[in-house]
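Next come the chains, spelled out residue by residue.
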Amino acid sequence: MKAKEIQDLITFIAESGLDEVNIETESFKLSVKRNNLTFDSSKIQPSPVVNPVVVNTPQVIPPQVTTTVESKGATSTDESKLIAIKSPMIGTFYRASSPDTPAFANVGDDIKAGQVVCIIEAMKLFNEIESEISGKIVKVLVENASPVEYDQPLFLVDPS
Amino acid sequence: MDNIQSNTLFVGRNLVYLPTCHSTNTYAAQITADNKVFEGTVVLTDCQTAGRGQRGNGWEAEPYQNITLSVVFYPHFLKAHQQFDLNIAMAWGIYLFFSQHLPPERLKIKWSNDIFFEDRKICGMLIENTLKAEQIEKSIVGTGINVNQTQFFYPKATSIQMITKQAYDLKVLIGQLCDCIEQSYLLLQQGKIDQLRTNYLEKLYRMGEKSFFVATENEHYFEGVITGITQEGKLAIETNGRIETFSFKTIRFL
Numbered sequence: 001m002k003a004k005e006i007q008d009l010i011t012f013i014a015e016s017g018l019d020e021v022n023i024e025t026e027s028f029k030l031s032v033k034r035n036n037l038t039f040d041s042s043k044i045q046p047s048p049v050v051n052p053v054v055v056n057t058p059q060v061i062p063p064q065v066t067t068t069v070e071s072k073g074a075t076s077t078d079e080s081k082l083i084a085i086k087s088p089m090i091g092t093f094y095r096a097s098s099p100d101t102p103a104f105a106n107v108g109d110d111i112k113a114g115q116v117v118c119i120i121e122a123m124k125l126f127n128e129i130e131s132e133i134s135g136k137i138v139k140v141l142v143e144n145a146s147p148v149e150y151d152q153p154l155f156l157v158d159p160s
Numbered sequence: 001m002d003n004i005q006s007n008t009l010f011v012g013r014n015l016v017y018l019p020t021c022h023s024t025n026t027y028a029a030q031i032t033a034d035n036k037v038f039e040g041t042v043v044l045t046d047c048q049t050a051g052r053g054q055r056g057n058g059w060e061a062e063p064y065q066n067i068t069l070s071v072v073f074y075p076h077f078l079k080a081h082q083q084f085d086l087n088i089a090m091a092w093g094i095y096l097f098f099s100q101h102l103p104p105e106r107l108k109i110k111w112s113n114d115i116f117f118e119d120r121k122i123c124g125m126l127i128e129n130t131l132k133a134e135q136i137e138k139s140i141v142g143t144g145i146n147v148n149q150t151q152f153f154y155p156k157a158t159s160i161q162m163i164t165k166q167a168y169d170l171k172v173l174i175g176q177l178c179d180c181i182e183q184s185y186l187l188l189q190q191g192k193i194d195q196l197r198t199n200y201l202e203k204l205y206r207m208g209e210k211s212f213f214v215a216t217e218n219e220h221y222f223e224g225v226i227t228g229i230t231q232e233g234k235l236a237i238e239t240n241g242r243i244e245t246f247s248f249k250t251i252r253f254l
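Residue numbers (our numbering), protein chains in the order written: chain X, 1 to 160; chain L, 1 to 254.
Okay, chain L solo, but in the shape it has when bound (with noise of 0.2 Å):
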């Protein structure tokens, strides 16, 4: 796979593939260290060996099945308080990219990056920047995305196969991936967070309806509403009348 079909500017315009590679944010790392590679540089496998998720998690992907890729940003604009705005258009991006092909009214963005067909969970995100001062140099975002896979150790996983019976082309939809990753960074660029935002807010999982969520500090069971996401990307939820806020892994889902 060594060209895609986008008309992208500059995602995916050069692009690394490796046959296998143990992780694509690890290989992305490693050759953006010593000098700059171009922006929108995509590194993407077909087998991904030791995939990663959320610190210690790992990522399960079948071989030839799925879309594991990296795409290196410069995100020079942004300052470390406001990274949260990249992971706001990465999820907005990747967001898109589904509604090509599944019932938009079904998909949903997980906070913080993950994406949900109904309750399951079909793409997640890693993203990993560096930072030299307050400066964000580096940014390097990770996905994986369940395509033709249609059966998984993880319960709540799900892919766009198993959802539409249909098999697809992978190469097609890495192209599509890449212009709607694109589109997304350009708006973030153009200081559109406030529209990026309120898109997030309209496909967040859960917005707005009276869910169960376990603080994990104490394990305390509560019911509460989700009713939005603050600045630095804590979750607000309001319970027994007021509004609480949540880092991440502080909250579980019921």
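The following block holds chain X by itself, in its conformation from the complex (with noise of 0.2 Å):
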């Protein structure tokens, strides 16, 4: 993963609302953990501080990664509450019924609660994972058939 793309996904974060985020792949773990946890409407200028940043990766971190990212000022917290959709299980992550049909959700699309938007198979048994929220998919966080954690977020998604 580049740096650029690793402080694009950090501003990404910063912006979605989320308390904590924990990636991971073959390359790289990324932990973002936010401090602030309150959103104050009255403050002018909210600044959420986005720390510590752990990246394992071999790669050269150049230091803006590391840096505070600022909000956008009071209309951020209202325009990106994105919602994580977790693994409710361990397992390998699947974002088609098969090798040979599309995926169930991909970034862009509208998705429905209720709405199958990947399987995760643990031991042969075959589990389709039903969104339960209504929104757009956002980002897809995991690599299809990779191994996926207990409530590792799987997709972003805009509930708006």
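Hints are computed from structural coordinates only; laboratory data are not their basis. Note that CB positions come from ideal geometry on N, CA and C, so glycine has one too. Just to be clear, a hint being listed does not mean it is correct.
What the hints assert, rightly or not - Derived lysine-lysine pairs resembling DSSO-like cross-links, with alpha carbons at most 30 Å apart:
no., chain 1, residue 1, chain 2, residue 2
1, L, 36, L, 203
2, X, 112, L, 36
3, X, 112, L, 132
What the hints assert, rightly or not - Examples of chain X residues lying across from chain L (beta carbon under 10 Å, computed):
no., residue
4, 84
5, 86
6, 92
7, 121
8, 123
Unchecked claim - Residues from chain X that keep clear of chain L, each with C-beta distances beyond 10 Å, as calculated:
no., residue
9, 102
10, 127
11, 139
With the hints in hand, could you dock these two chains into one complex?
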């Protein structure tokens, strides 16, 4: 993953309203935690501080990554309350029901609560995962056919 | 085949018979997608044209010779992490069915949910759940049982008729199968998972025997003894004085 992509991701998470995000792939592990959990709408310039940032990757990380991400102002809390669809179990994540069928959900798709968004397999048992929320898929956080942990975020959804 | 002979409370009471069908699991998923059908609904076909096994694998069954059906359950009493318990209950139920027709001492449950007669496969299963948060909302249990077919493309397959040299009335067998599946499901629902787990382990293929395995990750060949399964269903094998656990597809039996 390039430094720019990491930076974009952190910016994205910062604007998302999520308190904590952990992403792990084969090549890196990223953990972002928000210190200031409360958003006070009366403040003119809320500045949620994003730290610490732990990046385990062989690549050289430029200093920008660890800088505080500034909020865009009062409007940002409204525009970006992204919600994560999380894995209810340990298993293998699949985006489609079989290798030759299209993915259940792609970035940009509008999904409804109750709609199947992926499959998680464990011990030859296949589980269709239903979204609990309606909205637009903004990001797919896990690669197809890779292992996932309990509670790991799978998708980011914009519910507005 | 619009009715079956069984004494069940719910399994098979509502029967959806299709002369031909791609996959009974797929059809069951479709009819349960929008509105709930009764728990225990059985989708049954005489001719499954695109039967599905584990991801990407098919299921081979000649028309009119075998049982290919799916049962709809709503096991709301199970959490996502308890789903292997359902697997145990279904494998045990189907084992009970076979034990009415074949010598039980030669019948085994091969981890995780195939039924073997000695070293040959006689039944396969495909369980597909729908999860809402951490709750199992719906479970479709598909099974293929080799009954009267006597020739298979897959070399390790066998059928009831190949073993007993008798032909069977599928309708009668389907009724018995529904009875056995329901009996085992009800035990699970009553919380008797310890009993089911004990039954499963007693019949587990190669349990406690010295056997050879291949770890698929590195094609490493090793000798070991199956000692059991973990809570989540991993296979536990003792090798070189220590116990290792394996997920499905990370190990092959030799």
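Cross-check of the supplied hints:
{"no.": "1", "hint": "36/L x 203/L", "verdict": "violated (35 Å)"}
{"no.": "2", "hint": "112/X x 36/L", "verdict": "holds (18 Å)"}
{"no.": "3", "hint": "112/X x 132/L", "verdict": "holds (13 Å)"}
{"no.": "4", "hint": "84", "verdict": "violated (13 Å)"}
{"no.": "5", "hint": "86", "verdict": "holds (9 Å)"}
{"no.": "6", "hint": "92", "verdict": "holds (9 Å)"}
{"no.": "7", "hint": "121", "verdict": "holds (7 Å)"}
{"no.": "8", "hint": "123", "verdict": "holds (4 Å)"}
{"no.": "9", "hint": "102", "verdict": "holds (15 Å)"}
{"no.": "10", "hint": "127", "verdict": "violated (5 Å)"}
{"no.": "11", "hint": "139", "verdict": "holds (21 Å)"}
The earlier numbered hints that this structure contradicts are 1, 4, 10.
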